[in-house]
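Asks: In order, the protein sequence lines correspond to chains F and Z.
According to the numbering used here, the first sequence is numbered sequentially starting from 31.
According to the numbering used here, the second sequence is numbered sequentially starting from 31.
Take these hints with a grain of salt, some might be off.
A pair holds if it fits inside one copy or across any two, identical chains being indistinguishable in the list.
[To be verified] Straight-line C-alpha distance at most 25 angstroms; calculated BS3-like pairs for lysine-lysine: (1) 98 x 82; (2) 178 x 102; (3) 264 x 237; (4) 39 x 102; (5) 102 x 342; (6) 237 x 340; (7) 82 x 237; (8) 215 x 264; (9) 102 x 340; (10) 82 x 355.
Hints were generated in silico from the structure; no laboratory data involved.
Note that this is a predicted model, so its numbers are computed, not measured.
2 protein chains.
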Amino acid sequence: MMAGKRQGKYTVVFENPPLIRSYAAVVGQKEAEGPLGSYFENVCEDPMMGRKSWEEAEGELQYAAVLKALDKAFLRPEDIEYLFAGDLLGQSIATSFGVMELQIPHFGLYGACSTMGESLSLGAMSLDGGFARRVICVTSSHYASAEKQFRFPLDYGNQRSLAASWTVTGSGALVLEHPSECSEKAAEKCIRIIGITTGKIMVYGIKDSQNMGACMAPAAAFVIGGHLRDMGRKPEDYDRIITGDLGTVGQKILFELLQEDDIDIRARHMDCGIEIFDGESQDTHAGGSGCGCSAVTLCSYIMNQMESGKWKRVLFVPTGALLSKISFNEGMTIPGIAHGVVLENS
Amino acid sequence: MMAGKRQGKYTVVFENPPLIRSYAAVVGQKEAEGPLGSYFENVCEDPMMGRKSWEEAEGELQYAAVLKALDKAFLRPEDIEYLFAGDLLGQSIATSFGVMELQIPHFGLYGACSTMGESLSLGAMSLDGGFARRVICVTSSHYASAEKQFRFPLDYGNQRSLAASWTVTGSGALVLEHPSECSEKAAEKCIRIIGITTGKIMVYGIKDSQNMGACMAPAAAFVIGGHLRDMGRKPEDYDRIITGDLGTVGQKILFELLQEDDIDIRARHMDCGIEIFDGESQDTHAGGSGCGCSAVTLCSYIMNQMESGKWKRVLFVPTGALLSKISFNEGMTIPGIAHGVVLENS
Chain F
31 MMAGKRQGKY TVVFENPPLI RSYAAVVGQK EAEGPLGSYF ENVCEDPMMG
81 RKSWEEAEGE LQYAAVLKAL DKAFLRPEDI EYLFAGDLLG QSIATSFGVM
131 ELQIPHFGLY GACSTMGESL SLGAMSLDGG FARRVICVTS SHYASAEKQF
181 RFPLDYGNQR SLAASWTVTG SGALVLEHPS ECSEKAAEKC IRIIGITTGK
231 IMVYGIKDSQ NMGACMAPAA AFVIGGHLRD MGRKPEDYDR IITGDLGTVG
281 QKILFELLQE DDIDIRARHM DCGIEIFDGE SQDTHAGGSG CGCSAVTLCS
331 YIMNQMESGK WKRVLFVPTG ALLSKISFNE GMTIPGIAHG VVLENS
Chain Z
31 MMAGKRQGKY TVVFENPPLI RSYAAVVGQK EAEGPLGSYF ENVCEDPMMG
81 RKSWEEAEGE LQYAAVLKAL DKAFLRPEDI EYLFAGDLLG QSIATSFGVM
131 ELQIPHFGLY GACSTMGESL SLGAMSLDGG FARRVICVTS SHYASAEKQF
181 RFPLDYGNQR SLAASWTVTG SGALVLEHPS ECSEKAAEKC IRIIGITTGK
231 IMVYGIKDSQ NMGACMAPAA AFVIGGHLRD MGRKPEDYDR IITGDLGTVG
281 QKILFELLQE DDIDIRARHM DCGIEIFDGE SQDTHAGGSG CGCSAVTLCS
331 YIMNQMESGK WKRVLFVPTG ALLSKISFNE GMTIPGIAHG VVLENS
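Bound-form chain F, shown alone:
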């Protein structure tokens, strides 16, 4: 049994690939004004989401994304066995306060901006392993709560470096389902999670919290290189290899690191952080970032391209920078992590 599921050193291939039964992205105004704007169905004009604090606003984004994803599949919270959820804030408070009303058995995750990859990995394992029929994976970030947590309060008017990224305000939620729970006809239309490649914590020695793309690039290179080796495949076997939020600076380093291993992904690579904003007109410098960045891009543009059949196989690799205000102030490096998820349309 086990030999069939494990493939190479870091990869698992599922026996009963879980289906993405439904999904939803909820984003802020700036994201809606970006290049992917036409793919976002749910836009909140009020950055406070009608709440009293930035943290509560972020929680509300998660709540709204989950409800919309459930609604699209005609499901209710009680139809879901596990929620795999996380955000960037200390002690994951956006998640805890955002989803508590749903009353779904809860696994809280922390993988920085890679959390959607971690969430999909664990959610898919719980389904393929036969422990659940349906699970929800959700992550979020909010520009204002993240700046307050990691850098400076907005009122301070700090100048941002050119390598800095702009935290995406948004949440993406996906309902994953065991294929035996779905009619054959409905299943045909669903995108499947075929396998996962789980990342390690990688250190590049960078201490600049305004240059997180560089911190995360080695983690992305490890997962992408490891995945291709484990599967015995080439970059051309994927329509897209999609990282989370490396931005323009991190992308360059990723290409260089992979080229050292004779892997050239340049023709197939896309980075959610680069796609989500127009750096020049939106003044976002190196790109978008945050747990919400890869999540909302997945739950809009990526799913759209896959469902329309333009892309048949995608390696989705959310990337995270593992820092806190304390570790940064204490002069620690910023390690990175990434988690790979293979998506295919049937």
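Got chain F sorted already, so can you dock chain Z onto it with the hints?
Replies: Okay, now just chain Z, sitting in the frame of chain F:
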């Protein structure tokens, strides 16, 4: 397949119950001087663990606990497929910096002080599901890093309320193994993880971060009551029902909440937070707490009682209070969560 694994609404019973192949606890001086002192094999006299900051010291506790657990099973980091790890600090920095050198594929978790329950739940699922042969579950806390994170720096000399708990300095790590990886003879001696009951986020309406036992009691009651209902069992079917860190105040509330459901666990209940310190002579008020509290009690006293055959079946229920400095300062309530894990000796 699925029907066999799910039992009732919130519980999973494993087909191939994972074995606890080895385990280790590393604790501080105060824990070693407490009532469980004789059960701790690894005591660090230096609270800084030879490092420069409290956060690094806590990371070092995790690193040491993992290495000792591996050593006891004659295993190396490369023999482990996944690490399920977490701590209390913002962005889990004790974990990230503590375990990164191990280079084990990493799932970062956040469940506050319930994290050892979450870690064992996900670790056991990954094994029973056939996704891994061996995993490590590890959590930690440190008195000084927790006070700095959640309350006041130690130098401030704040007076602690009587309902307050004392964060345990320590880390517990367990190597879990798929039974097919273990010889029959070795397996006979191992404690097994038979099933899990996964908790929801529960709110009791308490806003006092010095009274976390009360915040967590409803979550513990939900898991214990839910588990007994799902399994069709009574408290007497367990040698012990062990909560994480409710302390004396939370224990009282737990008994009352369960009695409303006609469940009386008083004769079977034990709380790691109550056991680990002698409140009177050690001035720890309501008891011990932290991700390390239930972890080090499990990896010493509880495993000892089970391996010696004194206890045959235990329901282990680490409990967590989901707060951050920000949520507390903004006047939010403190929701709780708990995760149940059934341990049996063969």
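Asks: Which numbered hints are broken by the structure, listed smallest first?
Replies: As far as the earlier hints go, 2, 3, 6 and 8 are violated by this structure, in ascending order.
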